[in-house]
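Number of protein chains: 2
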Amino acid sequence: MKMIEGGVTAAMGFQAASTAAGIKYKNRKDMAMIYSEKPCMAAGTFTTNIVKAAPVKWDQQIVKHSAFAQAVVINAGIANACTGAEGLGYCSDTAKAAAAALKVPEEAVLVASTGVIGMQLPMDKLCAGIQAMAPQLGGSLEDGTEAAKAIMTTDTKKKEVAVQVEIGGKTVTVGGMCKGSGMIHPNMCTMLAFVTTDLAISKELLQEALSEDIKDTYNMISVDGDTSTNDTVLLLANGMAGNAEITEKNEDYQTFCKALNYINETLAKKMAGDGEGCTALFEVKVIGAESKAQAVTLSKSIITSSLTKAAIFGHDANWGRILCAMGYSGAQFDPEQVDLFFESAAGKLQIIKDGVALDYSEEEATKILSEPEVTAIADVKMGDAAATAWGCDLTFDYVKINADYRS
Amino acid sequence: MKMIEGGVTAAMGFQAASTAAGIKYKNRKDMAMIYSEKPCMAAGTFTTNIVKAAPVKWDQQIVKHSAFAQAVVINAGIANACTGAEGLGYCSDTAKAAAAALKVPEEAVLVASTGVIGMQLPMDKLCAGIQAMAPQLGGSLEDGTEAAKAIMTTDTKKKEVAVQVEIGGKTVTVGGMCKGSGMIHPNMCTMLAFVTTDLAISKELLQEALSEDIKDTYNMISVDGDTSTNDTVLLLANGMAGNAEITEKNEDYQTFCKALNYINETLAKKMAGDGEGCTALFEVKVIGAESKAQAVTLSKSIITSSLTKAAIFGHDANWGRILCAMGYSGAQFDPEQVDLFFESAAGKLQIIKDGVALDYSEEEATKILSEPEVTAIADVKMGDAAATAWGCDLTFDYVKINADYRS
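These protein sequences, in sequence, are chains D and V. Taking the numbering used here, the leading residue of the first sequence gets 1, the next gets one more, and so forth. Taking the numbering used here, the leading residue of the second sequence gets 1, the next gets one more, and so forth.
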């Protein structure tokens, strides 16, 4: 696997464009478009919130029923959630406008929105944006990067990644971009991720690869425990790498899954590490678990604990909060068997052995916890299963960003 | 039901004492003792966290196996959690010391701790505290109030309440005190509540009354979603009111349950309204629910949503976050049927009708949300069940309190 520069335009045949449509933000781009020269197999995974934004409902239908997809239209600023029949109509209108501009079928256009809930989209501006973007589509790395910037809300960094693998004697590229947590006019932590590849693969296997992989990647991050109405991951494969189409779970499929996992894990970690107001990426590994499910429950309980997150902000080796969060997670284990370690670029230190604190150096612990990426490792000594989750610290700025009045 | 002054010493025969034992704090009281002149039926409910502090394990045994209880020894500063066999031994040592000082059986002494996890109790100071308190026991309101102050950690207000009801021609008093969320050297949000009554009632019914009532009171509050290792509610009944012992669920039992509910709900709301760093008590009523369980799930999901809590801090009528938190709660409902209202001393305002925002005045909404006690009412229009939950806002001070280094 070879890491390369780029994002959604890294794979062959994928183009992007972006524009300042004035939907909500001033003086910055707030719309992006992804386009594939050839029709794509499309896979998607979506929020489990029963309050689903209109674009989520739209995309679920497209992914399920359309033979192929060829474009994605994305806006930042308004989520198009809790907008009733009118909002769903605007998804259809957006797809129609893009279909006309790009000369593709309406049912090949996916849409995604992020931003404030309950407001209707200004369709005149959205359609003007589509008109402006269509002739500007390009396949350069810069076109991809500009799109990654245009979909940001309170993100502080654009998030993209790409890799290449060898499949059936052909070079296959997988690239992606995403946006994470927060809004200038805060309303919702909304996660959107777009991954493109020139791999040839059946639609069923593409969906299966994505559905399996999100369990270890996007579903293992949390910024504030609030599951958005808009969460969307879209994966498009246009087959232009020229490999023999993957139709079974052979070695080629596994190679692709590894590349996809690298892309998704990298994007997921970028989101967690750029959570609203955060100063540190907080990684939690639970090892020695009885089952994967147990390790997932324990690790997610730790990364979502407000008290633990505040302690990470304070560079405080407050292991009691971690043990406590494990204890109320619902998973069964023996607290008096737990070992706990903190690790970062500054070193690794055991804090607890068999549920009781060691005589560790608080100074060394603080040093380890003062790095921008810190890891807690909890060993429950019950078996061989493990899971890793990613979150961030809870800071003054998180409160500031989310308490600010919307208008 | 008649509201009266006082707390744990309001009921006949209950005495309290408190002292500065120097366990963790300087220049303030940090130990309290409750004593009943007559043996009491004891009931208790405890944390569901599988990491249970030593005093929780001790009290569970006493409540289950002892014929009666007669004293409670409480310390603030050290939680005696994650302290292994040594910590459990200290509970026994504490009970022994109190039993000797008060001339009651060791197995009639309950213990409770709140504070930092993982540290061992300084038993010399604890025993000296017991020696100092035993001769000072008194039944005045002030003795109760001083005890309520001594068990505080980062609480900003002492929390006590008492009522009287007529049962079997006798005046029965129920009183209680509690401490809420936070530590000066923060480690755990620990909830302790102690309720005393001079009612005569069987042990079985006393436990049932408590176990039922906590579902609607203590179990419906949240400050930060972190379930402590030490949560304890103890209810002592010494029978000194002289009523005929309640042994069945008759009208007298219901009268007592109403009084108990008033005490528990009041104490629970005092804890939520004095959550770490908070500026407002946030009450959430879910009405029109299909079942009580559904209403509980929805209301608790709203009060634990970090984004909603931050919006309450900002006096922002950010209804999208409330609908979102309902959506990811796991409860089934139709988002497009939901009505939502905000209410406080400043008025009541409908924000959403059938899932879509009304053209309400943001100014009026902000005015309503600027009160120290604010209520959100969500009607899901599916039936007649309802539930109320209490939380607080998420503030800069919450982060400050919990990010500060422990030592």
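Be aware that one or more of the hints could be misleading.
The list makes no distinction among identical chains, and a pair is therefore deemed to hold if it is satisfied within one copy or across any two copies.
Stated by the list, open to error - Below 30 Å or equal to it, Euclidean Cα-Cα: the simulated DSS-like pairs (lysine-lysine) are: (1) 367 - 400; (2) 57 - 353; (3) 367 - 258; (4) 400 - 249; (5) 269 - 400; (6) 158 - 381; (7) 158 - 96; (8) 96 - 285; (9) 353 - 125; (10) 400 - 157; (11) 26 - 400; (12) 292 - 26; (13) 203 - 348.
To be clear, the hints were calculated from the coordinates, so they are not data collected in a lab.
Verification of the supplied hints:
1. 367 - 400: both (27 Å within a copy, 20 Å between copies)
2. 57 - 353: between (49 Å within a copy, 21 Å between copies)
3. 367 - 258: neither (34 Å within a copy, 54 Å between copies)
4. 400 - 249: Neither. Shortest intra-copy (48 Å) and inter-copy (51 Å) distances fail the 30 Å Cα cut-off.
5. 269 - 400: The answer is both: 23 Å in one copy and 26 Å across copies each meet 30 Å.
6. 158 - 381: neither (39 Å within a copy, 43 Å between copies)
7. 158 - 96: within (29 Å within a copy, 63 Å between copies)
8. 96 - 285: neither (46 Å within a copy, 42 Å between copies)
9. 353 - 125: between (60 Å within a copy, 28 Å between copies)
10. 400 - 157: both (19 Å within a copy, 26 Å between copies)
11. 26 - 400: within (21 Å within a copy, 34 Å between copies)
12. 292 - 26: neither (46 Å within a copy, 47 Å between copies)
13. 203 - 348: neither (44 Å within a copy, 52 Å between copies)
Consistency with the previously given hints fails for numbers 3, 4, 6, 8, 12, 13, ordered from lowest to highest.
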